[in-house]
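Enquirer: Here is how the chains run, residue by residue.
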Amino acid sequence: MSRLVDALAPLALIFALLAGWEIACRVLDVPAYFLPTPSAVITSLWTDAPTLLISAGNTLAMALAALILASLAAQLLALLVALSPILERAVKPLAVVLQVTPVVAIAPLVVIWAGIDHPERAIIALAAVVAFFPIFSGAVTGLKAADPDLERLFDLYGAGRLKRLLRLRLPSAVPFLLEGHKVAAGLALIGAVVAEFVAGSGGAQGLAWRILEAGNRLQTARMFAALVVLGLMGAVLYAGLARLERSGLRWWRGR
Amino acid sequence: MGPFVAELAQVEVEYGAGNRVLGPVDLALAPGQITALVGPSGCGKSTALRLLAGLEPPARGEVRRTTGKGETSVVFQAPTLAPWLSAQDNVALPLELSGQPRASARDRAKAALARVGLSASAEARPAQLSGGMAMRVSLARALVTEPRLLLLDEPFAALDEITRRVLADDVLRLWAESRPAIIFVTHNVEEAVYMASRVVVLSRGPGQIAGELTVPGPAPRPEGFRTTEAFRATVEAVSRVLAKGMETTP
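Residue numbers (the working numbering), protein chains in the order written: chain E, 1 to 255; chain W, 1 to 250.
One or more hints might be untrue.
Listed below are the simulated DSS-like cross-link pairs for lysine-lysine, each with C-alpha atoms no more than 25 Å apart in a straight line [to be verified]:
1. Lys144/E with Lys163/E
2. Lys163/E with Lys69/W
3. Lys69/W with Lys110/W
4. Lys110/W with Lys163/E
Label-pair distances were calculated between CB atoms; the ranges are [as the list claims (entries may be wrong)]:
5. Glu71/W with Arg161/E: 19 to 25 Å
6. Leu53/E with Gly131/W: 49 to 55 Å
7. Glu71/W with Tyr238/E: 51 to 57 Å
Far from chain E by the CB rule (all over 12 Å, computed), these chain W residues [to be verified]:
8. Gln10
9. Glu12
10. Ala17
11. Gly18
12. Asn19
13. Pro24
14. Ser41
15. Ala120
16. Leu172
17. Ala237
18. Met246
I should point out that these hints are in silico values taken from the structure, not numbers from a laboratory. Here the structure is a predicted model, which means the values were calculated and not measured. Heads up, the beta-carbon is just placed ideally off N, CA and C, and yes, glycines get one too.
Chain E extracted, bound-state conformation:
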């Protein structure tokens, strides 16, 4: 019974807020271009569903491509850094500078490099930059996170560098890698949307572009509809990855 209440409580709140919004818009006669009623947003969601879904698919595809790219690059670099302390000292300051530079600031450059005809390349590259760091720092931390006493046992049994990496450091890093990928996936989506705004081209046809396009035409209900789709997509992506992380950890620990 209480679980039912727990599940219904947020829905009831959302419904109450929407109802208040609808009533306020109608009573105060708010113009639709300023704030559309929830019913208008729902109508737009329904009628624009085909375009919105295709756009959502495009944004998601770009975010996932960025995630894969970032994952490969970050793990490869982390592995090299783990093998060479000198390389780690060399890479660290650069990595920090790149990390604290806002992605929006480097976007125009990347757009030029990717070529004005290939906005999707620029978007994927920018989203990958954002997704890179959680995976990289997770992997670097994880590769050093092996139990020091286990490290001593590996010393005692005379394990070489490769054996130590494969049989101790990589397996020890798994929980950190799972966590890093979960965070990175959310960031890749945000990065893709931000990059789409900056690229400002219809060529990639993602959700951000739908928002821009609708905004330019003052189709505010459509903007809201695109935002709703974006929010839902983010929530589903996060929930899916959190689930993946949990089952990954279960597999790692055996329970």
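Model the placement of chain W on the given structure of chain E, informed by the hints.
Expert: Just chain W, lined up with the frame of chain E:
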């Protein structure tokens, strides 16, 4: 080959220049003997153990060992098992790392698990084991290489009293099967006297040997050994040396 398995000769350890944490210490471990190393926290007991294992170099003095590669095993305070491996794979790890084929490593691991009474849990992961069971797996991993020198670094510190006693008897029973030299670090005097035939007391840091006592009585210990007069008297004697070692401030 000397009459020792491992020996510390005038050994000193420093963490940072001039910050001596141990020594000078002379300590020789005879083959087949169980030595307990007791002392207050921070007196360098675990450091002495790592020196004997060759895991750490001394600042001064010499560490001599007659054990070959793979003939030394360590059991730490925590079970220190790899969470991603089954109990059996954890036990097989030392053999596999020293280049044994997987199949024979697994067979020997299975036999070692049987010796500690955990055959039924061979496929279990560490997270599925109780603290006492995990410690037994750790013990099996230390024994699987048939070491000549076994170093136990407060292995029962995290366990409850009943599990401690059961495991202490397990260690003595296993020791009797192959008689490796054992050095056993603890801060529990009764446990030291129960387990060892020789108790070495370290003083407060920088640890130096404050005294050394021989424990009379048969090994492994017979039923009711803890209630004998000899046991009580030795515990008293060790406690007195320990108390004196606590007073000497550097």
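Enquirer: Next, verify each hint and record whether it holds.
Expert: Status of the hints after comparison with the structure:
1. About 15 Å separates the Cα atoms of Lys144/E and Lys163/E, which keeps this hinted pair within 25 Å; it holds.
2. Taking the CA atoms of Lys163/E and Lys69/W, the gap is about 17 Å. The hint holds against a cut of 25 Å.
3. Our distance criterion of 25 Å between C-alpha atoms is met by Lys69/W and Lys110/W, whose separation comes to about 22 Å.
4. For a cut-off of 25 Å, the pair hint linking Lys110/W to Lys163/E stands: about 23 Å separates their Cα positions.
5. Distance hint for Glu71/W and Arg161/E: a CB-CB separation of about 23 Å, consistent with the stated range 19 to 25 Å.
6. The given range of 49 to 55 Å is respected by Leu53/E and Gly131/W, whose C-beta atoms sit roughly 53 Å from each other.
7. In this structure the hint that Glu71/W and Tyr238/E lie 51 to 57 Å apart at CB holds, the actual value being about 52 Å.
8. Against the 12 Å criterion, Gln10/W stays outside the reach of chain E, whose nearest CB is about 24 Å from its own CB.
9. No Cβ of chain E comes within 12 Å of the Cβ of Glu12/W; the nearest lies about 21 Å off, and the non-interface call holds.
10. Ala17/W, annotated as away from the interface, keeps every beta carbon of chain E farther than 12 Å; the closest lies near 23 Å.
11. The beta carbon of Gly18/W sits about 25 Å from the closest Cβ of chain E, which is more than 12 Å, so the claim that it is off the interface holds.
12. In this structure Asn19/W is separated from chain E by more than 12 Å, as the shortest Cβ-Cβ distance comes to about 20 Å.
13. With a least beta-carbon separation of about 24 Å from chain E, Pro24/W lies farther than 12 Å from that chain, consistent with its non-interface assignment.
14. The Cβ of Ser41/W lies farther than 12 Å from every Cβ of chain E, with a closest approach of about 18 Å, so its non-interface assignment holds.
15. With a closest Cβ-Cβ approach of about 16 Å to chain E, Ala120/W is found to remain outside the 12 Å limit, as its non-interface label requires.
16. In this structure Leu172/W is separated from chain E by more than 12 Å, as the shortest Cβ-Cβ distance comes to about 23 Å.
17. With a minimum CB-CB distance of about 33 Å to chain E, Ala237/W clears the 12 Å threshold, and the non-interface call stands.
18. Chain E leaves Met246/W outside its interface by the beta-carbon criterion, the shortest separation being 28 Å against a cut-off of 12 Å.
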